[in-house]
Amino acid sequence: MSVDQATVKRVARLARIKVKDEDVPRIAGELNEILAFVEQLNEVDVSGVEPLTSVVAMKMKMRDDVVSDGGIPKDVTKNAPAAEDDFFMVPKVVE
Amino acid sequence: MTSLTTLTIAEARAKLKARDISAAELTEDYIKAVEAARGLNAYIVETPEQARASAKASDLRFKAGTAGELEGIPLGIKDLFATRGVHTQACSHILDKFQPTYESTVTANLFREGAVMLGKLNMDEFAMGSSNETSYYGPVTNPWRRKNSNAALVPGGSSGGSASAVAAHICAAATATDTGGSIRQPAAFTGTVGIKPTYGRCSRWGIVAFASSLDQAGPIARDVRDAAIMLKVMASVDPKDTTSVDRPVPDYEAVLGKSVKGLRIGIPREYRPDGLPAEIDALWNKGAEWLKAQGAEVVEISLPHTKYALPAYYIVAPAEASSNLARYDGVRYGLRVPGNDLIDTYENTRAAGFGPEVQRRIMIGTYVLSAGYYDAYYVRAQKVRTLIKQDFDKAWEKVDVVLTPATPSAAFAPGEITDPVQMYLNDVFTVTVNMAGLPGIAVPAGLSEQGLPLGLQLIGKPFDEETLFQTAYALEQAAGKFTAPKWW
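Line by line, the protein sequences are chains D and S. Counting along the first sequence from 1, when you hit position 63 you're at 609 in the numbering used here, and nothing is skipped either side. Counting along the second sequence from 1, when you hit position 112 you're at 1287 in the numbering used here, and nothing is skipped either side.
Bound-form chain S, shown alone (with noise of 0.2 Å):
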């Protein structure tokens, strides 16, 4: 019998319906396969006993009539993600042994609804990088290879984890946070699709904060449809983030194949960089012709502030960063290294606790936010910001969603990027749409000559998800799905 893990939610959802099989089943295949891939490092906790038990709470709730959305659905948690009682160290050394008392709103959302959870997943030390080798806990693995070769290649970041874990199929669907590109260009990276709402869509109460004015919570999973199901338990009002909002959550599913007939599609020119690889520049456009071909309009439009969008989020997220992460002192929780006294005791602490990465970032954040320098890096980031947001809501007046790519690459070998700022390009398509606050999905819609994944962005509207998930699956029914051949 070929293993569960094939199963899409939307698929296994009907099969548990239908009592054709049994959560219990469904998730002892995931545990089975969960380890049969530890050498991809996705997970760094498994939680198998945990997962059989709320499975069989599962059963017992298909029995009596009573089950949720997700009910019996295995999902992996990105380790940014409060659980209670399980570790929750945004893969950090710093916050050593943390466990929890309480849960995130988001995590809280989806086991409401029944889903199972598998573990926690490997990520960039809090949320910082592009490539997944930030973690304490080392690298994740991407499933995908280049064709005739068995290098192993980055899975993208931050949410590194929950990408290769879906990828792998050692998961049915993931959660992930998005900072600057943390859900879409790993997404990209590994041929799955990943949705990063409006901010203020998913409660970021429990989710570790990076930079609170640019994080918000998504799914990766492996289709639009499974993404839709997700995103829908996972957005919630909470009391608790007054930056989540009060609006009722749309059913996205009922949207997917919509016609997207006289839908306006705009192809910012400042997203087609000199050296974007002509494989990348072909794809964009064969998406362009795709939803044209489906009856869609295409609009060329400009977004004249693009380039300065990263330069603008490596201030703010840092600033935002090191405000943060002043609270990991070494006094309430994680790590302590003595020192002769109290400060000491501090500088020791986070000398040791924070990886290269994250303590590079804090110095520049401290710095930017440092006297005699506020307004003339912070301030300044933030009115850019301003001309970023302003150069979408121009564009919402010509056309209805935005299509380009995710990524400027491929996924890459680890080691291959040492230069920080190199590293920071990776984000360059995505980076725009957490400046402004707006939704953007990734979702494959092809493979590189090398034979590795490269996926296409959509950015909508403000709290039109609905859009985006409308155009990504009429993407998705012309370019098809792609999965990792199995070598792990």
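Just chain D, same shape as in the assembly (with noise of 0.2 Å):
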């Protein structure tokens, strides 16, 4: 499989990476030689494997569902480009 620049775009917008027109020829280059790289898997005999989801064999943990955190509205937004009374500030997204 090969990628295009047209793929290029559309896994840039999929991204949500702004690509330049003219970075798109080598953005493409560099994912084809990685995509290459990575065709070798197709040589393994994969039938009847199952994919690998936990490396170590446990039972996933439960936790009692109560509430553990929470109440720190000023810590949350504290990092926040911009904020306003506890809230995150964005562009307009309503017209």
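Derived by calculation from the structure, the hints in this document are not laboratory data. Heads up, a few of these hints could be off.
Said to hold, decoys possible - With a cut-off of at most 30 Å between alpha-carbon atoms, the simulated DSBU-like pairs for lysine-lysine come out as follows:
1. D/LYS605 to S/LYS1636
2. D/LYS605 to S/LYS1569
3. D/LYS638 to D/LYS624
4. S/LYS1482 to D/LYS624
5. S/LYS1231 to S/LYS1433
6. S/LYS1272 to S/LYS1231
7. S/LYS1461 to S/LYS1436
8. S/LYS1636 to D/LYS607
9. S/LYS1564 to D/LYS605
10. S/LYS1564 to D/LYS607
11. S/LYS1569 to D/LYS607
12. S/LYS1467 to S/LYS1482
13. S/LYS1573 to D/LYS605
Two chains, two frames, a set of hints: combine them into the complex.
Right, dumping it as structure tokens:
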């Protein structure tokens, strides 16, 4: 599988990273080099093999369904580039 | 008087306990050493006032008889660990000015036992790199140089600041993290000891996430004993990380010096790829001979899926990274570059905030997870991961520990490797361990012809860090320790 320039633009859009038009061919080249490298996995017979979901066999731990944290809106918004009255500020999203 | 920075943790611990030195004196010598070594760019933030205050508190606890296991020991902390009120940016521009209001579990464990923080250490951006060249704060210099040369070398990565600082004696030891080799490769490049414990041994809570099924914290230290002291304190079960395991943390120091007689050491034939430098091959043989001479049995084994670990890693790790790094949106923390609307703001922020390597991995990860490709890439890679793990499961029927080279080369020069895939090959011997969730330790074993440190790696069974420390200590006894001649 090889990535063309339209695919680079689509993936960049999905990843929410703005890419300049002049950089698209370079990025396509780099992605194709990496994809060519991972292509060798196709040599491996994986029929009947389960995908690994956990490296250590363990039962998922459950915690009590109670509130264990919260009530710290100032802490939560402290590092925001823009915050007001304990809310994150973003550009207008509804017309 | 010689600087107290020459002391290992074990040596400093004994002197502190005997009240031969004070924590304040020890910290003061380190603060001076840190300032004098700024040219290495190992620290990106120094916290001398905080360190002095902690050391003073440590001295009071020594006086009161309530000293912890690392009381008064000055450490460097990788910038990936959240430290309350102190710069925590994973060495990325996108986390500009981020100062968490909480403490990572690993650093909280260290501070609970009295450790002193000297500052935050440089690293590859979001731990993505093998040379510390992707840091937003610039590259780190390795204290080691080639014989008869003044040219700078990289310390490896991603924990390059940690490795460089430990090798330069500008901290007693450092925290680090390892997703594909980020503790063991820089340890090997700097003549230090680095252990990546079993997945789940240390809590990941408060460590900036890269690839959650692979990330694990561990120490970089000057010798095997110091690494054992550090890991004992760093490891814990944590309700805030469901993947942390509820098993007692052994006293790793207790196994040091225990004979390796009768221990079965596996030598995997697949770790001898074409083009492996002769001196690394020779070092590996020497390591096996040293253990044999101490009574261990050397057994050739096969780990047939070894060559597929790195390509599988370059699907799994970017996929998880693309998901983890989705949170950096310019809204909740860090950098914001305004755009015409919200999506434009996201896109501008992420284009400006992430460096080229991070963008590349997010793009690869987004691609392999996108509709229609998920099974062909991600699911296949996770199946290959099962096969890699099964290779080791079979090996454990025959051997107790596996011995391999740590890296395919000694430290290289900045700018020497520009091709991404060539850079990825640095992790060819270390990445299998992350894919299988196993513990691995890098131990310095000798110097190259050019006078640079070379390391060997030991791989253990899940949660058998004790056998790793025991065997690593035996190697260290045979190989000796290596200190970079001071020039900085």
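Now the hints, each set against the structure:
For the suggested pair D/LYS605 and S/LYS1636, the alpha carbons sit about 19 Å apart, so the restraint of at most 30 Å is met. Distance restraint check for D/LYS605 and S/LYS1569: the Cα-Cα separation of roughly 23 Å lies within the 30 Å cut-off, and the hinted pair is therefore satisfied. Taking the CA atoms of D/LYS638 and D/LYS624, the gap is about 21 Å. The hint holds against a cut of 30 Å. With a C-alpha separation of about 46 Å, the suggested pairing of S/LYS1482 with D/LYS624 is violated against the 30 Å cut-off.
Between the alpha carbons of S/LYS1231 and S/LYS1433 the distance comes to roughly 37 Å, so the proposed pair goes past 30 Å and is violated. As the CA atoms of S/LYS1272 and S/LYS1231 are separated by approximately 28 Å, the hinted pair is consistent with the 30 Å bound. As the CA atoms of S/LYS1461 and S/LYS1436 are separated by approximately 17 Å, the hinted pair is consistent with the 30 Å bound. Our distance criterion of 30 Å between C-alpha atoms is met by S/LYS1636 and D/LYS607, whose separation comes to about 23 Å.
Proposed proximity of S/LYS1564 and D/LYS605 is supported: the alpha carbons are some 19 Å apart, at most 30 Å. Restraint check: the Cα-Cα separation between S/LYS1564 and D/LYS607 comes to about 23 Å, which is no more than 30 Å; the hinted pair holds. Note on S/LYS1569 and D/LYS607: the hinted pairing holds, with a Cα-Cα distance of about 28 Å set against a maximum of 30 Å. Taken as a hint, the S/LYS1467 and S/LYS1482 pair is honoured in the structure, with Cα atoms around 28 Å apart against an allowance of 30 Å.
A C-alpha spacing of about 28 Å is found between S/LYS1573 and D/LYS605, which places the hinted pair at or below 30 Å, so the restraint holds.
Going through the hint list in order, the structure does not satisfy hints 4 and 5.
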